[in-house]
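Generate the whole structure from the sequences, applying the supplied hints.
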Amino acid sequence: KNSGIQFNGFVTDITERKLSEAEIRKFKTIADNAGYGVAIASLDTKYIYTNESFARMHGRTPDWFLGKRVLTTLTRESRKKAVMAIRSLIETGYVQPMEFWYLHKDGHQFPGLMSPVLIPDAVGKPAFVAAVLVDISERKRAEEKLRDSEKKFRNLFKQSNDAIIVHTTDGRIIEA
Numbered sequence: 221k222n223s224g225i226q227f228n229g230f231v232t233d234i235t236e237r238k239l240s241e242a243e244i245r246k247f248k249t250i251a252d253n254a255g256y257g258v259a260i261a262s263l264d265t266k267y268i269y270t271n272e273s274f275a276r277m278h279g280r281t282p283d284w285f286l287g288k289r290v291l292t293t294l295t296r297e298s299r300k301k302a303v304m305a306i307r308s309l310i311e312t313g314y315v316q317p318m319e320f321w322y323l324h325k326d327g328h329q330f331p332g333l334m335s336p337v338l339i340p341d342a343v344g345k346p347a348f349v350a351a352v353l354v355d356i357s358e359r360k361r362a363e364e365k366l367r368d369s370e371k372k373f374r375n376l377f378k379q380s381n382d383a384i385i386v387h388t389t390d391g392r393i394i395e396a
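Numbers in our numbering are just positions in the sequence shown, counted from 1, shifted up by 220.
If you are wondering where the hints come from, they were derived from the structure by calculation, not from laboratory data.
Hints may be right or wrong, so weigh each one.
In silico DMTMM-like links for lysine to aspartate or glutamate, alpha-carbon gap of 20 Å or less [what the hints assert, rightly or not]:
1. 246 x 272
2. 325 x 283
3. 301 x 319
4. 300 x 264
5. 372 x 395
6. 288 x 243
Per label pair, the in silico range of CB-to-CB distance [what the hints assert, rightly or not]:
7. 377 x 339: 24 to 30 Å
8. 391 x 358: 34 to 40 Å
9. 262 x 377: 53 to 59 Å
10. 392 x 312: 41 to 47 Å
11. 231 x 335: 41 to 47 Å
12. 253 x 379: 52 to 58 Å
13. 272 x 380: 15 to 21 Å
14. 340 x 296: 27 to 33 Å
15. 252 x 390: 51 to 57 Å
16. 249 x 367: 39 to 45 Å
17. 329 x 384: 38 to 44 Å
18. 387 x 276: 45 to 51 Å
19. 312 x 357: 27 to 33 Å
A virtual CB, placed ideally from N, CA and C, is assigned to each residue, including glycine.
Below is the structure:
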């Protein structure tokens, strides 16, 4: 017997959406737990994501960056270089990792090695800029100590009253 109740419906296959959500969760888990900074910005250079490490380098929280321009986290001296790098990345699709100086919330500056990449949309058109940031403060300090040490050696070498010869193991003189 027909009760007059009718049901109309439709079914949508959401397999692809579920796979996309799983990929996003994987990325977010990796990025959120990375020991280096990760940031994503729109093509108009506004932050849309930063991980905890990136925020910590700047003395901030990830939420502080949302909607702020990338250039606000750089020193004045690094901004022009960053603008040129972003333009080049968008035009050519690739930029070598570059050193920039960043601003910490407390006012000090720190050097970072930034490795940017383009994230395309579904049709391959550039949609976002993602980057990995490594704080290279320790490396810079080590380089400075090495330069100071080399300078001291050079001064001692040049001002010595003794004869000093630097040569290879086969006897070829490098410096005297």
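Hint by hint, here is what the structure shows:
1. 246 x 272: 16 Å, holds
2. 325 x 283: Given pair residue 325, residue 283 holds - Cα atoms ~14 Å apart, limit 20 Å.
3. 301 x 319: With Cα atoms ~10 Å apart, residue 301 and residue 319 stay inside 20 Å; holds.
4. 300 x 264: 15 Å, holds
5. 372 x 395: 16 Å, holds
6. 288 x 243: 26 Å, violated
7. 377 x 339: 24 to 30 Å: At roughly 52 Å between Cβ atoms, residue 339 and residue 377 fall outside 24 to 30 Å, so the hint is violated.
8. 391 x 358: 34 to 40 Å: Distance hint for residue 391, residue 358 holds at roughly 39 Å.
9. 262 x 377: 53 to 59 Å: Distance hint for residue 262, residue 377 holds at roughly 54 Å.
10. 392 x 312: 41 to 47 Å: 44 Å Cβ-Cβ, so the 41 to 47 Å window holds.
11. 231 x 335: 41 to 47 Å: 44 Å, holds
12. 253 x 379: 52 to 58 Å: At roughly 53 Å between Cβ atoms, residue 379 and residue 253 fall inside 52 to 58 Å, so the hint holds.
13. 272 x 380: 15 to 21 Å: 53 Å, violated
14. 340 x 296: 27 to 33 Å: The hint (27 to 33 Å, Cβ to Cβ) holds, given that residue 340 and residue 296 are roughly 32 Å apart.
15. 252 x 390: 51 to 57 Å: Since residue 252 and residue 390 have Cβ atoms about 55 Å apart, the given range 51 to 57 Å holds.
16. 249 x 367: 39 to 45 Å: Check passed, 41 Å falls within 39 to 45 Å.
17. 329 x 384: 38 to 44 Å: With Cβ atoms ~40 Å apart, the hint holds.
18. 387 x 276: 45 to 51 Å: 49 Å, holds
19. 312 x 357: 27 to 33 Å: 30 Å, holds
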